[in-house]
Amino acid sequence: MKFNKKFLAVAAAGALTVATAVPALALENQFSGAFISLYDLSNFNAAGNIQKDAPTANFFEQRVRLGYTAKVSDDLKLVTKFEFDYSNWGNSSYDSTVGRGQGGALGADTVNMETKNLYLDWSIPSAKLNVKIGMQPYDDSFKGIFTSADMAGILLTHYYAQASTYAGFFRWNDDGSTTLGKNTRDMFVLDGKYNVSKDTLIGAAYYFVNSDNVKMTNIVSPEDLTVHMLGVNAATKIGALNVDGFLAYQFGEDNITNVDRSAFAANVGASMKLNAGTARTELLYVSGDNNNSNEHSFYTPYSQKFAQFNLAESGFYNNEMVILGRDKNAMTNDNAIVYDVNNRNQGVIFGSVGYDYTFTSKLSGSANAGFAAVAEDNVGIHESNYLGTEINCELGYKFTDNLNLSARAAYVFLGDYFKGLDADDPYDVKLLVKYIF
Amino acid sequence: MKKIAISLIAGLLLTTAIPAMAEMTKEEKDQCLLASKNCANEVDSLQQRIRKLNKEIKKGTKVYSAEELKKLELKLKEADEILKNLEKPGK
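Just so you know, the sequences run in chain order A and B. Going by our numbering, 223 is the number at position 223 of the first sequence; the sequence numbering is gapless. Going by our numbering, 10 is the number at position 10 of the second sequence; the sequence numbering is gapless.
You can trust all of the hints, since none of them are fake.
DSSO-like, lysine-lysine: derived pairs with alpha carbons at most 27 Å apart:
1. A:K128 <-> A:K198
2. B:K71 <-> A:K77
3. B:K75 <-> A:K71
4. B:K77 <-> A:K116
5. B:K75 <-> A:K198
6. B:K88 <-> A:K193
7. B:K52 <-> A:K71
8. A:K237 <-> A:K198
9. B:K70 <-> A:K71
10. A:K362 <-> B:K52
11. A:K398 <-> B:K55
12. B:K77 <-> A:K362
13. B:K88 <-> A:K328
14. A:K193 <-> B:K71
15. A:K128 <-> B:K75
16. A:K273 <-> B:K77
17. A:K198 <-> B:K62
18. B:K75 <-> A:K193
19. B:K70 <-> A:K77
20. A:K237 <-> B:K75
21. A:K215 <-> B:K91
To be clear, the hints were calculated from the coordinates, so they are not data collected in a lab.
Throw the hints in and build the complete structure from the sequences for me.
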């Protein structure tokens, strides 16, 4: 009995100590997330084929992203993000082996969790330094034409009063076929941005990719190459006009074909307030090859599993295209005539104009028109380099701060590049509901 | 001695009970249970956080020091990036 009393007293004192200690170990738990569901009616998506008598598909697609950040202080946090997709409602259920994007059929119960980000975000204010270690999202400084993806690595950022510099190392692949660390595809980053004035920003970047005999699924030869990319970028405001753009040059060698690469890309974009809306324009040129040799084609990395020309880990969305370029609303069913700027080694010439208009505080709209052509035709059987002209429009209704309903329709008048196919003009209509918190 | 101890304990219980009684009278409705509003552990959504940060940054140097403003701007950038990444397109 005596022991019990003592024990209770000690336990009570212990509990009190823990309770009072909690504030010192305060942890801010930040949750965020998105639910997006869409209905798609299209003779192009989800198959992505340009063909005669293209069948009209209709399907529902769904995505949930959940983010959790464990924040000990503003300077130290663990950032995580997970994704759960149904590539189309009704696809499968009770599936535990090939679960990605699955589980949308009667019964559900499928293992379909995808891990997107797991990284430590650590700042050292006295050194004006930020370090990100782990699987993190990374976007290049060239509107995503080179790379814009989740990747594992270390990114250091140093802040100055008017500038910031970045240095990074990312391990894109290590196929483990021999000793770990031997057959790897790595990217190194050196990047800098400088605020010349309140309205003008200039930057320069150097990226280096070393792919060392990395096996690619669906491709006979492994990838063995080096790519150096040098580029400059700038953004400025002149009165009501916002202008931004870049120039980028790539060189390096394919160690299997012994072909030296020499490719370039150039872009200019502008936007301006016009009446109650904003007018936008984008122009992009990326070099290509007329003989499919990689000599002048712009290197864009593909994922090891979905190589080649199937899943580009880059994305140019500024021109707001739906079919000619990748749709900003696309999820697992993600197809485009120009999927990335490498464009099957042909390069691309993209031009677009658009106008965003706010009707009321809840209702907004957008209209876009754009064209695309290959820079070089590497097959040589097409009547023209002209791929087509797209028109699209979008209407969005903000039901609450967190809930948006929208509709987007697009139609492409195919160019003579496809004349030999006698193909149907592609169209796409999407209805979306988006809840973000 | 026992009486003193009991009255002390009773007093302690009463003091800790007072706030709970003050929180809710017969006329007040529990808005947390009824409408998920004013809950004790309520946190801002991303959009609310961005709006609040923008509002505070607008107050400028009249209210905040340059260092504090930079901190708020960094927090706004962080919230914008979370929002951008949640909506990021792709497979």
